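Protein chains: 2
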Amino acid sequence: MTVRIKDIAAKAGVSTGTVDRVIHKRGNVRADVQAKVEQVMSELGYRRNLIASALATNRKWKIACLIFDPSDSYWRQIKEGIDRAQEATAHYGVRIRHYFADRFGPDMFARHAASILEERPDAVLMAPSFLRESLDFIKSCNELDIPIVLINSEMEAPGALCYIGQNSYQSGQLAARLLHFGINQEATALLLNLEADTQNSQHLKDKECGFREYFTKNHDKEIKIVSENITNFDDPVQLCCIIGKLLNEYPDVAGLFVTNSRAFKVVGCLERLNRNDLLVVGFDLIPENLTYLRANKIDFLINQNPVMQGYLGIMNIVNHSLLDKEVVPLQYLPLDIVVTENCDYYEQNSYALPMVV
Amino acid sequence: MTVRIKDIAAKAGVSTGTVDRVIHKRGNVRADVQAKVEQVMSELGYRRNLIASALATNRKWKIACLIFDPSDSYWRQIKEGIDRAQEATAHYGVRIRHYFADRFGPDMFARHAASILEERPDAVLMAPSFLRESLDFIKSCNELDIPIVLINSEMEAPGALCYIGQNSYQSGQLAARLLHFGINQEATALLLNLEADTQNSQHLKDKECGFREYFTKNHDKEIKIVSENITNFDDPVQLCCIIGKLLNEYPDVAGLFVTNSRAFKVVGCLERLNRNDLLVVGFDLIPENLTYLRANKIDFLINQNPVMQGYLGIMNIVNHSLLDKEVVPLQYLPLDIVVTENCDYYEQNSYALPMVV
DNA sequence: AGGCACGTTGTGTGCGCACACAACAACAAA
DNA sequence: TTTGTTGTTGTGTGCGCACACAACGTGCCT
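Here the protein sequences line up with chains A and B, keeping their order. Following this note's numbering, the numbering of the first sequence begins with 502 at its first residue and continues without gaps. Following this note's numbering, the numbering of the second sequence begins with 502 at its first residue and continues without gaps.
Honestly, the hints are just simulated from the structure, not real lab data. Among the hints, a few may not be true.
Identical chains blur together in the list; that is why a pair holds if it fits in one copy or across any two.
Said to hold, decoys possible - Derived SDA-like pairs (lysine to any residue); straight-line CA-CA distance at most 20 Å:
hint, residue 1, residue 2
1, LYS826, ASP646
2, LYS722, GLN686
3, LYS722, LEU780
4, LYS722, GLY683
5, LYS722, LEU618
Please read these numbers as outputs of a predicted model, since none were measured by experiment.
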């Protein structure tokens, strides 16, 4: 039933060794023999048995992962996806080494990148949050012929194998649609970037762009947009002060769009200010946000599928390096709209990944 | 590095054959030897190499799938998930045989069930849409020791391995939340069951129940609910007549909830009636619905993840039968909220399943 | 003619495991 | 004692493939 190398060899009148050389393009096969073997292969519809292949090669694959510290619950979820993929592919000889950068600056990131280059892994998974350092690293990987997969932050990088993550522009549009849907009268929508270094965060800019563009296209309600970058968001008192001032300045604010996972910080302020009347749209199913979502103090959360990002990141490396499969260069994950009624299912998130085969 | 049977045998002072007997619980091992082997196994943290195992057994697995005719695009998506899973596990010897029932009644369904029992497959995947026939079939499978996985319609069936699909009650609640969010004034919400046999459709009842209960809990807006079963929905003229009458009778209708994938039929009528002012919530990303969603004539679609249902159905059988893994009996899939801005990502749906390993 | 290099082809071994079968001991029945 | 039975244990083979290595033929140079 199943076609084996042996069958091809027999039908082509050669030995299995020759078929093997053809399959793996190892050369040293006479042109006419090669043609004959290839013909028989396609005739019989040969498909390599990956099981047997993996067993026979018995090779180890070192994958280095450069992401951020999983003390942040968003990155913990990404790491979870990576670890599940590792588990699912362990018997293919996949071994993962983690490197955690911190948010305080590119130094640690660059140092880890250097360590990885010394380690000479077979592939790299990276969240390219620091633009210049990431580009340098990708270049080095290319020179060493190390395939590299990017997650979480989209960037122009021709040397990378693929990007897996969200479409930031589109997520801004989505947030706009949700606010637009819930706001009836003419009003103001507040867009808040709670980020230390907004200049370096291209994805925040993309979100804002998508958000604004939605309202220029849909002006049946005449909603005004005010955006604000807040860099010192760690001190609640200061944050309250900033937000309070904004709400005074624009008394007709009806909705808030927080462009990253820090919506809970904003809502904390709204509680202090006794403002329960505002729509809030944010990102990411981290515990702090979920608490507010369940209490109806956040209306919508957009899920970036962090677990899936990690999982698919590794799986794409496996598909590329071990299984010789074609990899899609740009893989946008769904923008899940999460409300109280469906958050449980996204939170568990266990269903999609038991595909250990 | 990796612990093999050979290593365990050496450390326990027995042969690999004995270790094999312990691992597979084949018996005929002296009690003290068995204990010793088990101790060594846990000491060394032995994990069976599934790759090698699958290769060695070289067994074929026949899986029979009893679902509905894939000429319906919803069922075509379920079939797609099944086929992808088949492809991903083909080299484990998994072979799938499809049986398609039709919606006209349980006869074909029962006949297929009988054929499957004759075929004696190793496992069965079924959408138990006809209650009595399904129960009979599950009972027969149990007697023959054939594990059976249910998808799409939840039912009380202690003999089944697991259920994978939506939580209908919860999806009703979700629909209610979405309508509630978009309706501002006091108004009426219309719940429409477009189904030939509503009596036999437990999931429709569950959806209605969840829908109504949401509004009894959230009565800040005083929304009235009117529900209607429509059995002859195939004739557009007749359907228009029914819906037009309802809208006349309840002039303050602000939103519609169509409890299955037939929202497009309702919206077709609304177009004829020149009613563009109504919110519409429906189910399933079939082409007809997507067209209306993109044209902003359907506001929200709830995705039931049909591809995933099929895929996970097979994968759970593989996990259970081939890999001896524990299977979670109740696996609710996420209730994806789909709007114009994120429908592309759900429609492609290719991302989640390339996990061919 | 002898020696060597090189292109081409076939053979053998092992990956880790499952399973059939052989081997052996202990004991009971004839 | 012999024979058969049963419980227990070890050995050998093959799953399909990858890869090292041996073997062979050809042509070239000395």
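Outcome of the hint check:
no., hint, in the structure
1, LYS826 to ASP646, "within (17 Å within a copy, 38 Å between copies)"
2, LYS722 to GLN686, "both (7 Å within a copy, 17 Å between copies)"
3, LYS722 to LEU780, "both (16 Å within a copy, 16 Å between copies)"
4, LYS722 to GLY683, "both (11 Å within a copy, 14 Å between copies)"
5, LYS722 to LEU618, "neither (54 Å within a copy, 61 Å between copies)"
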